[in-house]
Amino acid sequence: MQVFMFHLMPWAYLPESYEGPAWVTCSNRHYDGVRGGALYNRYLDELVRAEALGFDGVCVNEHHANAYGTMPSPNLIASILARETRRVKIAVVGNALPLYNPPVRVAEEFAMIDCISGGRLIAGLVVGGGPEYYSNGVNPAEARGRFAEAVDLIMRCWTEPGPFVHMGRYYKLRYVNPWPTPIQTPHPPIWIPGAGSLETMEYVARRRWSYMGIPYFHKRVFKRNFDFFREACAKEGYEARPEQMGWLVPVYVAPTDEQARREFEPHLWHFAHKLLPGINISPPGYTSPRSALKTMSAFGDFMLNVTTWEQIEDGAYAIVGSPATVRQKLAELAGWLGVGNLLVLLQLATLPADLTQRNQELFAREVMPHLRGVAAGAVAHGAPAS
Amino acid sequence: MPETRTLDVGGKRIRVLSGGRGPDLLYLHSASADVAWLDLHERLAARFTVHLPAHPGFAESTGLEDVDEMLDLVLHYADLQDACGLRGSAVVGASFGGWIAAELAALYPERVGRLVLVDALGLWLDEHPVAEIFGTTPPELAQKMFYDQQHPIAALMHSFTTLSAVPEEIALPQMKVMEAVAKVGWNPYLHDPKLAARLRRVQAPTLVVWGRQDGITPLAYGERYRDLVPGARLLVLDRCGHLPPLEQPEELARAIGDFLA
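For the record, the sequence lines run as chains A and B. Here my numbering = 1-based position in the first sequence + 911. Here my numbering = 1-based position in the second sequence + 3.
Quick caveat, the hints were computed from the structure, so don't treat them as lab data. Just so it is clear, the structure is predicted and the values come from calculations on it, not from any experiment. Possibly wrong hints are sitting among the right ones.
Partial list, derived from the structure: chain A residues whose beta carbon lies under 7 Å from chain B [stated by the list, open to error]:
#: 1; residue: L955
#: 2; residue: Y1045
#: 3; residue: N1050
#: 4; residue: P1200
#: 5; residue: A1209
From the derived model, a few chain A residues whose C-beta atoms are all more than 12 Å from chain B [said to hold, decoys possible]:
#: 6; residue: S938
#: 7; residue: R953
#: 8; residue: E995
#: 9; residue: G1041
#: 10; residue: F1075
#: 11; residue: E1113
#: 12; residue: A1145
#: 13; residue: W1180
#: 14; residue: R1201
#: 15; residue: T1219
#: 16; residue: L1266
Note that beta-carbon positions come from the ideal geometry of N, C-alpha and C, so glycine has one too.
Sequences are here, hints too, so could you generate the full structure?
Here's what the structure looks like:
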């Protein structure tokens, strides 16, 4: 099991009185550059600390025009991490390819990060969330087509000497010849995050890349998705490796179960009630009707619709408790899901610096060593973890 | 009752409803219920031979994968006119269909004998932005679309407070429709920046019909079309929102009939 610390870099100062979406139309008059600068530096410290604490890697991602995650350019953050760390893998999960024109830009920036970090980049490629299409003007009905073409183009950038010609449906480039190219050969590992879109899982299975399950769903949704992914790999004629799957989940550890809940619960609800609303907007043509219906059917299992702590615990929307509790739950669930990568959100919403640091330290010291022993790929086919 | 045919138009399979007697009338539907044969079409069919094709991606019509921009739809309708012998016929378009009709009349003036634009999309006024249709709940959309919130379709939309409350048999076709509109109308948003300057090319006698309470494309757009299309007249329908074909079919049919007669 490999363990990564994921950071969303959320806006921590949305007023409790704020009602409405945290995305697209949430006015940036709520943003403040001085406070924002302090947050960026604090969050960077938290990611850098993950290396000292022994994590295998750190993860950042891209979102625009929202209070949920203030990293419109995860590559800027990753490039800082490339210099401030020496050992950890740096997973950018990912760049929303259709938002870059031409997407050669992504091949260039990812190659820069890989070179500067000495070959530690994990390249996440993503269609981008629904809200991004409202904020960036790119046609969502072209999202899947642009994504597929951009992936092929980036792979050519990394595996085929330039210059070459690319005349695609969406991108027409007479000279493709990016300098630099990555250190890792044939190219950095590819992670594709997804929220259960069937096309995405089949696509990742076909390429033999890795699929990261997007969080805030009931554990049964993850289970269904990873099972589907394993089946998709089987249809491609191979058995999925645990490293091809990653489970992203909020985690909070405190000395006792009771203390953990008391300290964490207000921040979790701020996250669910203030920062998630609006994340689920689905623009036209963004997914196939087949996938859109599936997503809608899973919507009842989404954290936005969760109202009680019991639901949080039952659905494993977040893993909260003493080191012993968290250790046991994570080991059981990771084994049940059959994932080889655990991506933990140790800072969420308004969780302050001191509690985040203690959470990181307790997790690293009391929980993480025990997860290394979890047999990667020990897929339980029995009943779900209780 | 209309006759239903499936035509091959440039490789697209297009559903066409047709019925009535008299001169040909090509009806280009909106993104709402007038893709089906409604009271309006029945009334028009008393005086005209009405042809109601479904746009690519709507109802049973295919070929959306070949539509990336408005010009693709205009060329599609030029092909369809040739396939149906409708070159030079009267063209009536509502909302999204009105946008297509205006483009067709501007790019191919000789193909449109007379033109009726009903609450047509296609233009942009900074001071009256076209309402958001892609990111709203069905009740919010109904508020903007209808004058009469008790209209059966408005009432149906009000019953869907969240998108996940929409039953599959309605959600699936509606998702297809919104995708088809988004392909040409996501950006620039539901208009063609070149259209305003091209409307001077329209040769067809033109009637512009607008719902006074249109909350999607407010009346200012009707006035703009009247000002830009040479010789156009504007008729405003009271107690009517964005979709006169649904809310005022009798008045609309009479206005179209009198204008085309």
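Here's how the hints hold up against the structure:
{"no.": "1", "hint": "L955", "in the structure": "33 Å, violated"}
{"no.": "2", "hint": "Y1045", "in the structure": "6 Å, holds"}
{"no.": "3", "hint": "N1050", "in the structure": "4 Å, holds"}
{"no.": "4", "hint": "P1200", "in the structure": "5 Å, holds"}
{"no.": "5", "hint": "A1209", "in the structure": "10 Å, violated"}
{"no.": "6", "hint": "S938", "in the structure": "16 Å, holds"}
{"no.": "7", "hint": "R953", "in the structure": "33 Å, holds"}
{"no.": "8", "hint": "E995", "in the structure": "38 Å, holds"}
{"no.": "9", "hint": "G1041", "in the structure": "9 Å, violated"}
{"no.": "10", "hint": "F1075", "in the structure": "25 Å, holds"}
{"no.": "11", "hint": "E1113", "in the structure": "19 Å, holds"}
{"no.": "12", "hint": "A1145", "in the structure": "29 Å, holds"}
{"no.": "13", "hint": "W1180", "in the structure": "21 Å, holds"}
{"no.": "14", "hint": "R1201", "in the structure": "9 Å, violated"}
{"no.": "15", "hint": "T1219", "in the structure": "20 Å, holds"}
{"no.": "16", "hint": "L1266", "in the structure": "34 Å, holds"}
Going down the numbered hints, you'll see the structure goes against 1, 5, 9 and 14, while the others check out.
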